[in-house]
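Chains A and B are the protein sequences, given in the same order. All residue numbers for the first sequence refer to our numbering, where the first residue is 32 and numbers rise by one. All residue numbers for the second sequence refer to our numbering, where the first residue is 32 and numbers rise by one.
Think of the hints as simulated: they come from the structure by calculation, not from any bench. Careful, some of the hints might be misleading.
[Claimed, not checked] Ranges between beta-carbon positions, derived for each pair:
hint, chain 1, residue 1, chain 2, residue 2, range
1, A, K119, B, R295, 41 to 49 Å
2, A, P183, B, T283, 45 to 53 Å
3, B, T283, A, K299, 23 to 31 Å
4, B, K76, A, F57, 54 to 62 Å
5, B, G280, A, F300, 14 to 22 Å
6, A, K236, B, I140, 25 to 33 Å
7, A, K77, B, A105, 33 to 41 Å
8, B, A318, A, T322, 18 to 26 Å
9, A, K76, B, N170, 38 to 46 Å
10, B, R54, A, F57, 47 to 55 Å
11, A, R313, B, D85, 26 to 34 Å
Every residue gets a Cβ at the ideal spot worked out from N, C-alpha and C, and that includes glycine.
The lines below spell out each chain.
Protein chains: 2
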Amino acid sequence: MPFKHVALLGLGLIASSIALALRERFPEIKITGFSRSEKTRKKAKKIGFCQVHDTVANCVSEADLVIICVPVGAMKDTMRIAAPHLAKGVVVSDVGSVKSSVIKTINTIIPKGIPFVPAHPIAGTENSGPEAGFSTLFNGRWCILTPTTQTPIEATKKVKEFWESLGAQVKEMDANHHDLVLSVTSHAPHLIAFTMVGVADEFSKVTKSEVINYSAAGFRDFTRLAASDPIMWRDIFINNKDAALEILGRFTEELFALQSAIRRKDSKFLQEYFERTRKVRRSIIEAGQDTPKENFGREGR
Amino acid sequence: MPFKHVALLGLGLIASSIALALRERFPEIKITGFSRSEKTRKKAKKIGFCQVHDTVANCVSEADLVIICVPVGAMKDTMRIAAPHLAKGVVVSDVGSVKSSVIKTINTIIPKGIPFVPAHPIAGTENSGPEAGFSTLFNGRWCILTPTTQTPIEATKKVKEFWESLGAQVKEMDANHHDLVLSVTSHAPHLIAFTMVGVADEFSKVTKSEVINYSAAGFRDFTRLAASDPIMWRDIFINNKDAALEILGRFTEELFALQSAIRRKDSKFLQEYFERTRKVRRSIIEAGQDTPKENFGREGR
Chain A
32 MPFKHVALLG LGLIASSIAL ALRERFPEIK ITGFSRSEKT RKKAKKIGFC
82 QVHDTVANCV SEADLVIICV PVGAMKDTMR IAAPHLAKGV VVSDVGSVKS
132 SVIKTINTII PKGIPFVPAH PIAGTENSGP EAGFSTLFNG RWCILTPTTQ
182 TPIEATKKVK EFWESLGAQV KEMDANHHDL VLSVTSHAPH LIAFTMVGVA
232 DEFSKVTKSE VINYSAAGFR DFTRLAASDP IMWRDIFINN KDAALEILGR
282 FTEELFALQS AIRRKDSKFL QEYFERTRKV RRSIIEAGQD TPKENFGREG
332 R
Chain B
32 MPFKHVALLG LGLIASSIAL ALRERFPEIK ITGFSRSEKT RKKAKKIGFC
82 QVHDTVANCV SEADLVIICV PVGAMKDTMR IAAPHLAKGV VVSDVGSVKS
132 SVIKTINTII PKGIPFVPAH PIAGTENSGP EAGFSTLFNG RWCILTPTTQ
182 TPIEATKKVK EFWESLGAQV KEMDANHHDL VLSVTSHAPH LIAFTMVGVA
232 DEFSKVTKSE VINYSAAGFR DFTRLAASDP IMWRDIFINN KDAALEILGR
282 FTEELFALQS AIRRKDSKFL QEYFERTRKV RRSIIEAGQD TPKENFGREG
332 R
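Construct the entire structure; sequences and hints are all you get.
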């Protein structure tokens with residue numbers, strides 16, 4: 032663990048999980064935290080996973096690692112307030128789900144000579160806020176770092192070690208490529224889930240209680256995704272617009288091809304398509320990124 | 032439990048789960064089963080959840096309840112073979128995911144005087160085959176019955192009691208309405224999941240291993256749905272074409288509205304939309320149709 036004092040700007044699911052994982056593994060490390068929202072600060076104080084400050088300045092001034100854990104759209108303001116108070120030798124990082132726009136934003140504000148290591152831990156749940164965190168969130172999950180040519184190699188190395196020490200696997204990647212990969216594996220699936228849930232919610236021929244009661248047939252899996260933090264997702268789509276629209280364009284083409292196969296009653300096309308997608312599932316289980324448990328892991332109900 | 036001998040035509044996930052649930056709750060009931068596939072019969076014999084027969088005739092000839100558990104597209108052939116061998120006083124039912132087309136098909140073949148009670152237990156997993164069944168699959172789940180004017184009330188009552196005795200909640204509904212409800216809560220979500228997985232699988236700018244490694248960010252939830260039985264789903268879309276196309280049409284309109292909001296960077300529209308969909312999730316948890324567990328019920332990994 033290359034850091035002694037970690038400052039968390041933002042106290043949501045990711046920040047609270049970082050704090051809980053640190054406390055469990057490295058109880059000697061000092062953790063300070065800040066949130067713009069008084070309500071969030073109160074909740075965080077009550078849970079007690081870090082020392083909560085009422086100002087950014089007090090939170091960051093002695094830290095050797097500052098992690099920006101606010102929604103992507105709030106990073107600019109947060110960094111602007113933190114910049115004059117950063118300590119010498121500090122490393123700044125973040126946990127944003129998009130990287131190119133974050134890098135542009137932060138690099139125009141961060142004081143010269145202070146390294147910024149863009150990072151994205153690929154982990155999360157449908158829940159948000161300080162009470163949603165848990166210490167094992169990053170176990171076995173990936174964290175992608177997208178250092179630029181300006182990022183000192185030493186700083187990237189330290190942030191890599193930091194995430195590995197919390198149980199994550201680390202991968203370095205070009206920021207633009209990260210944004211494209213995530214638009215396939217995360218942004219497009221979420222937008223599609225939001226859309227489907229929106230359609231079901233206002234389809235007048237079927238009542239809301241019918242949608243809810245019979246959701247176990249597939250729909251409920253979409254509602255998990257569509258329950259994620261609205262502000263976080265608003266910012267993601269606006270800050271990764273081009274990649275999101277590219278994948279959604281491909282998605283629409285493909286959906287039309289399948290709709291047309293249904294209209295033509297083209298059994299062979301449908302069956303072959305569904306056989307192909309089934310194989311992708313197996314690869315994900317083999318890669319340890321999901322579990323093949325019965326009943327979608329819900330047999331305990 | 033109003034039946035003494037249950038015959039299962041088809042030995043997949045649903046049939047094996049019915050057998051296991053029956054054996055656990057009513058060990059005195061006789062259960063016979065048949066599958067067209069020798070491989071499936073062998074597997075079922077090995078697991079031993081029912082008495083496996085090599086012909087439909089032997090399987091059904093003494094049963095007082097015959098449940099057709101094959102994919103919707105195979106029901107016609109199955110019923111045609113079973114019809115001459117049905118016992119006096121038997122009730123025939125099914126578990127198909129679409130109801131109008133199944134009713135049409137079965138009613139043209141079933142011998143006069145033998146009641147057919149169309150049923151659809153809304154339960155399932157991504158796995159298929161006789162080894163995928165488990166006895167608690169129907170616990171707390173819904174089973175929809177769609178009796179027609181031709182269905183004797185007494186037979187419907189018995190099938191209702193049957194499903195309730197396996198732990199399900201039973202609801203009666205018009206067959207056409209059932210098909211519309213399920214196209215919202217099941218068929219459209221599945222087709223969309225198949226599509227998204229298909230797109231990711233062949234998007235050349237992102238490698239397959241990247242898609243798989245970073246799937247925890249949302250994509251993996253789609254792959255669960257897209258791993259369901261290809262033949263079953265082929266038959267569902269072909270047999271519920273009109274309802275599926277209606278919902279997919281609405282879905283496309285809505286997706287275009289959201290895409291356009293991203294293009295215009297319309298923060299307000301996106302945030303309000305996502306706040307609305309989040310509420311639907313809460314209703315599903317309150318209705319007991321999912322669990323609010325952290326990390327999508329995967330924290331045990």
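Going down the list of hints, with the structure as the test:
1. Range check, A/K119 to B/R295: Cβ separation about 43 Å, and the 41 to 49 Å hint holds.
2. Restraint check, A/P183 to B/T283: a C-beta distance of roughly 48 Å satisfies the suggested window 45 to 53 Å.
3. In this structure, B/T283 and A/K299 meet the distance hint of 23 to 31 Å, their C-beta atoms being roughly 24 Å apart.
4. Between B/K76 and A/F57 the CB atoms are about 56 Å apart, so this pair conforms to the stated range of 54 to 62 Å.
5. Judged by the Cβ atoms, the range 14 to 22 Å given for B/G280 and A/F300 holds: they are separated by roughly 19 Å.
6. Hint check: A/K236 to B/I140, Cβ distance near 31 Å, so the stated range 25 to 33 Å holds.
7. A beta carbon spacing of about 58 Å between A/K77 and B/A105 contradicts the range 33 to 41 Å that was offered as a hint.
8. Restraint check, B/A318 to A/T322: a C-beta distance of roughly 25 Å satisfies the suggested window 18 to 26 Å.
9. Checking the proposed 38 to 46 Å range against A/K76 and B/N170 shows it holds: the Cβ atoms sit about 41 Å from each other.
10. Look at B/R54 against A/F57: about 52 Å separates their beta carbons, and that is inside 47 to 55 Å.
11. A hinted range of 26 to 34 Å holds for the C-beta pair A/R313 and B/D85, which are about 32 Å apart.
Violated hint: 7 only; the structure is consistent with all others.
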